[in-house]
Amino acid sequence: GEDVEQSLFLSVREGDSSVINCTYTDSSSTYLYWYKQEPGAGLQLLTYIFSNMDMKQDQRLTVLLNKKDKHLSLRIADTQTGDSAIYFCAETAPLYNFNKFYFGSGTKLNVKP
Amino acid sequence: GAGVSQSPSNKVTEKGKDVELRCDPISGHTALYWYRQSLGQGLEFLIYFQGNSAPDKSGLPSDRFSAERTGGSVSTLTIQRTQQEDSAVYLCASSLTCRERVSCEQYFGPGTRLTVT
Chain A
43 GEDVEQSLFL SVREGDSSVI NCTYTDSSST YLYWYKQEPG AGLQLLTYIF
93 SNMDMKQDQR LTVLLNKKDK HLSLRIADTQ TGDSAIYFCA ETAPLYNFNK
143 FYFGSGTKLN VKP
Chain B
283 GAGVSQSPSN KVTEKGKDVE LRCDPISGHT ALYWYRQSLG QGLEFLIYFQ
333 GNSAPDKSGL PSDRFSAERT GGSVSTLTIQ RTQQEDSAVY LCASSLTCRE
383 RVSCEQYFGP GTRLTVT
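Here the protein sequences line up with chains A and B, keeping their order. Numbered according to the numbering used here, the first sequence spans residues 43 to 155. Numbered according to the numbering used here, the second sequence spans residues 283 to 399.
No lab work stands behind these hints, which were simulated from the structure alone. Here the structure is a predicted model, which is why all the values come from computation and not from measurement. Some hints could be false.
Stated by the list, open to error - Computed from the model, here is a short list of chain A residues facing chain B with C-beta under 10 angstroms: (1) 46; (2) 66; (3) 77; (4) 86; (5) 87; (6) 119; (7) 132; (8) 134; (9) 148; (10) 155.
To be verified - Computed Cβ-Cβ distance ranges for the label pairs, DEER-style: (11) B:300 <-> A:152: 33 to 41 angstroms; (12) B:354 <-> A:86: 50 to 58 angstroms; (13) B:333 <-> A:99: 32 to 40 angstroms; (14) A:53 <-> B:339: 32 to 40 angstroms; (15) A:92 <-> B:295: 37 to 45 angstroms; (16) A:92 <-> B:362: 22 to 30 angstroms; (17) B:336 <-> A:108: 18 to 26 angstroms; (18) B:399 <-> A:100: 39 to 47 angstroms; (19) B:358 <-> A:111: 38 to 46 angstroms; (20) B:345 <-> A:122: 44 to 52 angstroms; (21) A:97 <-> B:300: 32 to 40 angstroms; (22) B:284 <-> A:55: 33 to 41 angstroms; (23) A:97 <-> B:362: 44 to 52 angstroms; (24) B:353 <-> A:82: 40 to 48 angstroms.
We treat Cβ as the ideally placed atom computed from N, Cα and C, and that holds for glycine.
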């Protein structure tokens with residue numbers, strides 16, 4: 043299967059920016075996704091980016107995609123304590139199997155007041 | 283509208299017993315996925331169903347695991363002869379049919395926390 047990797051932990055202070063990184067192996071990926079999981083809940087889609095884009099901004103969230111390095115990042119501006127959660131990146135499988143998703147192990151973001 | 287629901291929310295069972303976990307996807311969603319999330323781990327793909335096609339079972343960890351999707355809607359994940367290593371949160375998700383050049387959002391249920399004692 044595909045390999046999607048993330049660092050396990052990130053700790054920031056309230057008001058700072060958070061940057062969560064992800065690397066993937068499949069160069070033919072079409073869409074890459076960021077999901078958020080709050081304690082005791084399922085995953086919720088935050089944002090996604092199509093592979094022909096370099097950047098996507100949505101309010102406090104900025105997604106950067108470096109296709110050459112197969113590197114995806116999620117930047118959260120003005121991080122709040124409510125942003126504390128686990129963040130997963132995911133990609134769809136290669137051509138002809140767009141229904142199969144591969145998730146990273148998740149990055150646990152801790153926001154200190 | 284209603285989201286993806288799962289039942290039970292928590293299940294404690296003795297080693298060796300069989301368990302059934304249920305998932306009700308969003309109405310109209312053709313794709314349904316099961317994942318397992320062990321403590322401190324990421325999501326492990328188990329199985330997915332797409333319409334009337336044969337399910338992709340490539341992620342099932344052993345033959346003790348099976349899943350059905352009746353009538354293209356509700357799905358049941360069955361674990362036979364449970365082992366302690368089966369303890370995890372089992373997440374279900376559903377989506378519309380994913381196509382090329384169209385983003386595909388998975389909607390997740392809250393999960394079933396399974397504890398095998």
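_C-beta pair residue 354 of chain B, residue 86 of chain A: status relative to the range 50 to 58 angstroms that was hinted_ = violated, 25 angstroms
*Does the CB of residue 148 of chain A sit less than 10 angstroms away from some CB of chain B?*
holds, 5 angstroms
_Quick check on residue 132 of chain A please, does its C-beta sit within 10 angstroms of some C-beta on chain B?_
holds, 8 angstroms
_Hint validity - residue 155 of chain A Cβ closer than 10 angstroms to any chain B Cβ_ = violated, 24 angstroms
*Cβ distance range 38 to 46 angstroms for residue 358 of chain B and residue 111 of chain A, holds or violated*: holds, 42 angstroms
*asked:* Less than 10 angstroms between beta-carbons is the criterion; does residue 87 of chain A satisfy it with respect to chain B?
replied: Holds. Min distance 5 angstroms.
_Just to be sure I understand the hint, the distance between the Cβ atoms of residue 92 of chain A and residue 362 of chain B should be within 22 to 30 angstroms; is that true here?_
violated, 42 angstroms
*Return holds or violated for the Cβ distance of residue 345 of chain B and residue 122 of chain A against the range 44 to 52 angstroms.*
holds, 46 angstroms
_Tell me if the interface restraint on residue 77 of chain A is satisfied: Cβ within less than 10 angstroms of some Cβ in chain B._
At 8 angstroms from the nearest chain B Cβ, residue 77 of chain A passes the 10 angstroms test, so the hint holds.
*For the hint on residue 46 of chain A, just tell me whether its beta-carbon gets within less than 10 angstroms of chain B.*
holds, 8 angstroms
*Could you check the hint for me, namely that residue 92 of chain A and residue 295 of chain B are 37 to 45 angstroms apart, CB to CB?*
holds, 43 angstroms
*asked:* Assuming the hint says 32 to 40 angstroms, is it satisfied by the Cβ distance from residue 53 of chain A to residue 339 of chain B or not?
replied: 39 angstroms Cβ-Cβ, so the 32 to 40 angstroms window holds.
Of the numbered hints listed earlier, those contradicted by the structure are 2, 6, 10, 12, 16, 17, 21, 24.
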